[in-house]
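Participant: Protein sequences, first through last, are from chains L and S. Numbering follows my numbering, with no gaps: position 243 of the first sequence is 243. Numbering follows my numbering, with no gaps: position 141 of the second sequence is 141.
Simulated from the structure, these hints should not be mistaken for lab results. Among the hints, a few may not be true.
Unchecked claim - Using 27 Å as the maximum straight-line C-alpha spacing, the simulated DSS-like pairs for lysine-lysine come out as follows:
(1) L/Lys156 x L/Lys22
(2) S/Lys204 x L/Lys239
(3) L/Lys148 x S/Lys148
(4) L/Lys239 x L/Lys156
(5) L/Lys204 x S/Lys35
(6) L/Lys204 x S/Lys148
(7) S/Lys56 x L/Lys204
(8) S/Lys107 x S/Lys239
(9) L/Lys204 x S/Lys156
(10) S/Lys204 x S/Lys239
(11) S/Lys204 x L/Lys156
Each chain, written out:
2 protein chains.
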Amino acid sequence: MSTIAFIGLGIMGSPMAVNLAKAGHQVIGYNRSPKRTAPLVEAGGSPAESISAAVKDADVIAVMVPDSPDVEEVLVGEGGVFDNARDDALIIDFSSIRPDVSAALAKEAKRRGFRIIDAPVSGGETGAINASLSIMVGGDVADFDSAKPILDAVGKTVVHVGSNGSGQTVKAANQLIVAGNIQLLAEALVFLEAYRVDTDAAIKVLGGGLAGSTVLNQKAQMMLDRQFNPGFRIDLHHKDLGIFTSASREVGVVTPLGAALAQLMASVRENGDGGLDHSALLRGVERMSGRSPR
Amino acid sequence: MSTIAFIGLGIMGSPMAVNLAKAGHQVIGYNRSPKRTAPLVEAGGSPAESISAAVKDADVIAVMVPDSPDVEEVLVGEGGVFDNARDDALIIDFSSIRPDVSAALAKEAKRRGFRIIDAPVSGGETGAINASLSIMVGGDVADFDSAKPILDAVGKTVVHVGSNGSGQTVKAANQLIVAGNIQLLAEALVFLEAYRVDTDAAIKVLGGGLAGSTVLNQKAQMMLDRQFNPGFRIDLHHKDLGIFTSASREVGVVTPLGAALAQLMASVRENGDGGLDHSALLRGVERMSGRSPR
Numbered sequence: 001m002s003t004i005a006f007i008g009l010g011i012m013g014s015p016m017a018v019n020l021a022k023a024g025h026q027v028i029g030y031n032r033s034p035k036r037t038a039p040l041v042e043a044g045g046s047p048a049e050s051i052s053a054a055v056k057d058a059d060v061i062a063v064m065v066p067d068s069p070d071v072e073e074v075l076v077g078e079g080g081v082f083d084n085a086r087d088d089a090l091i092i093d094f095s096s097i098r099p100d101v102s103a104a105l106a107k108e109a110k111r112r113g114f115r116i117i118d119a120p121v122s123g124g125e126t127g128a129i130n131a132s133l134s135i136m137v138g139g140d141v142a143d144f145d146s147a148k149p150i151l152d153a154v155g156k157t158v159v160h161v162g163s164n165g166s167g168q169t170v171k172a173a174n175q176l177i178v179a180g181n182i183q184l185l186a187e188a189l190v191f192l193e194a195y196r197v198d199t200d201a202a203i204k205v206l207g208g209g210l211a212g213s214t215v216l217n218q219k220a221q222m223m224l225d226r227q228f229n230p231g232f233r234i235d236l237h238h239k240d241l242g243i244f245t246s247a248s249r250e251v252g253v254v255t256p257l258g259a260a261l262a263q264l265m266a267s268v269r270e271n272g273d274g275g276l277d278h279s280a281l282l283r284g285v286e287r288m289s290g291r292s293p294r
Numbered sequence: 001m002s003t004i005a006f007i008g009l010g011i012m013g014s015p016m017a018v019n020l021a022k023a024g025h026q027v028i029g030y031n032r033s034p035k036r037t038a039p040l041v042e043a044g045g046s047p048a049e050s051i052s053a054a055v056k057d058a059d060v061i062a063v064m065v066p067d068s069p070d071v072e073e074v075l076v077g078e079g080g081v082f083d084n085a086r087d088d089a090l091i092i093d094f095s096s097i098r099p100d101v102s103a104a105l106a107k108e109a110k111r112r113g114f115r116i117i118d119a120p121v122s123g124g125e126t127g128a129i130n131a132s133l134s135i136m137v138g139g140d141v142a143d144f145d146s147a148k149p150i151l152d153a154v155g156k157t158v159v160h161v162g163s164n165g166s167g168q169t170v171k172a173a174n175q176l177i178v179a180g181n182i183q184l185l186a187e188a189l190v191f192l193e194a195y196r197v198d199t200d201a202a203i204k205v206l207g208g209g210l211a212g213s214t215v216l217n218q219k220a221q222m223m224l225d226r227q228f229n230p231g232f233r234i235d236l237h238h239k240d241l242g243i244f245t246s247a248s249r250e251v252g253v254v255t256p257l258g259a260a261l262a263q264l265m266a267s268v269r270e271n272g273d274g275g276l277d278h279s280a281l282l283r284g285v286e287r288m289s290g291r292s293p294r
């Protein structure tokens with residue numbers, strides 16, 4: 001069992017830290033707003049008042065914060081991980097950030113003697129609570145192997161996909177596909193409603209053929225019910241599509257659906273829906289079609 | 001057991017007619033090129049030399065031809081179904097055509113006293129051979145109920161979705177979602193290959209999370225292997241996206257991914273890939289990105 005510092009106890013980080021504590025690890029949690037440590041403490045973990053206090057005795061340092069600048073601040077910022085961690089610490093960055101930033105941070109971490117992997121997750125709050133996340137890992141195989149028991153305590157499909165930053169690259173592709181599936185379903189549902197088709201029956205038959213998807217299984221009924229409580233917020237998916245479009249541009253791969261989706265997600269956000277679940281892309285289709293979103 | 005005329009014994013129609021014969025129905029098959037009747041005859045059916053000969057004693061008339069003008073020709077053309085069928089015949093149109101054409105043909109069929117449903121299918125050649133098709137049915141409930149035993153002999157998910165033409169509307173939405181899933185996967189795979197990620201591992205982890213889909217399960221490996229034998233041809237999916245974009249335009253629903261996909265499918269076709277499987281959308285991403293398709 002390890003001593004784990006867990007930095008970032010949000011919607012995803014909190015249940016992940018709880019699952020690590022339940023698995024028997026000694027978990028020390030840090031969050032900018034300290035009251036978020038309560039569930040971890042209840043599960044047997046302990047709170048820390050600063051990053052330095054959290055990491056100073058940790059074998060493993062887990063990070064789960066929203067965006068690239070947040071990870072940079074946590075790792076290289078004053079009073080951050082690099083200044084305070086033990087020399088042999090293994091850093092696991094669960095955050096979803098830019099692959100190039102992730103690779104650059106890994107390079108700096110290794111220069112200072114730390115081990116580090118990027119391990120972004122998919123599966124949402126439910127997956128975090130049930131420890132059934134998909135985890136896509138970039139880094140050295142030896143570091144992946146060391147981290148595997150920790151990752152298995154929070155995830156179900158845990159896969160090494162390449163060198164540092166590669167986990168982020170796969171996560172960016174994941175977010176493209178998820179956004180696309182939601183938008184496709186949104187266009188299909190508004191279209192079928194306009195033709196007064198039996199949408200419940202349509203969902204059943206669409207799911208049974210080549211149009212079937214996890215998004216259809218999990219989101220179609222909520223979209224028909226106009227139930228858009230997050231879940232995964234438009235604001236965060238907007239950030240992720242920005243990562244995908246710049247990463248595809250940098251590597252010279254032209255991705256027309258990626259570009260269109262980044263714009264459609266941005267439009268929903270600019271219309272004030274950034275705090276809704278990403279299935280609220282349906283509201284964008286309604287707006288574009290001159291229908292008042294319900 | 002019924003006497004069934006089956007008109008159109010192509011990649012889909014032939015195995016469907018065979019399955020009806022195997023289920024104990026008396027199946028009389030007609031195809032423009034007569035040699036296509038061989039598998040049906042081997043399964044106990046009989047060949048007809050004309051549509052009129054096929055339909056004159058049939059309780060049920062099944063049609064499976066490529067496009068709207070083909071169905072019009074078969075039904076209302078000289079020597080066609082309407083001129084030769086028994087008064088009480090039930091017409092099942094399995095073809096994928098325009099919803100408005102389907103509804104207009106149904107109106108005319110009913111005016112002449114026939115019963116008629118539209119019953120387009122999803123599931124491809126494999127689904128046709130295994131009698132595991134998804135079938136989306138438009139028409140009167142009583143006619144759906146009469147047709148149900150026939151439909152169950154060729155399909156697994158058989159659903160009534162609304163009035164005449166509604167089956168075609170749902171099929172159009174199905175084809176939107178399928179094309180979209182293939183294009184999303186194509187953009188993701190070319191992107192991941194460019195970053196030299198372990199694509200086999202990536203597919204595994206993508207499939208385990210919210211990005212999972214039937215397209216990913218069935219097509220990802222073939223796309224990585226550049227194996228584009230049809231399957232379902234680009235030419236036919238091009239026709240289907242034309243149906244979706246005009247139907248969405250007519251009902252006043254704005255579908256940006258539908259529009260983009262219709263153009264991307266058209267581009268692959270104009271580059272000479274119309275005869276390949278629709279997963280060859282990947283070749284379009286490669287071309288746009290200045291890479292020679294393999």
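Participant: Taking the numbered hints from earlier one at a time, note which ones the structure violates and give those numbers from smallest to largest.
Facilitator: As far as the earlier hints go, 3, 5, 7, 10 are violated by this structure, in ascending order.
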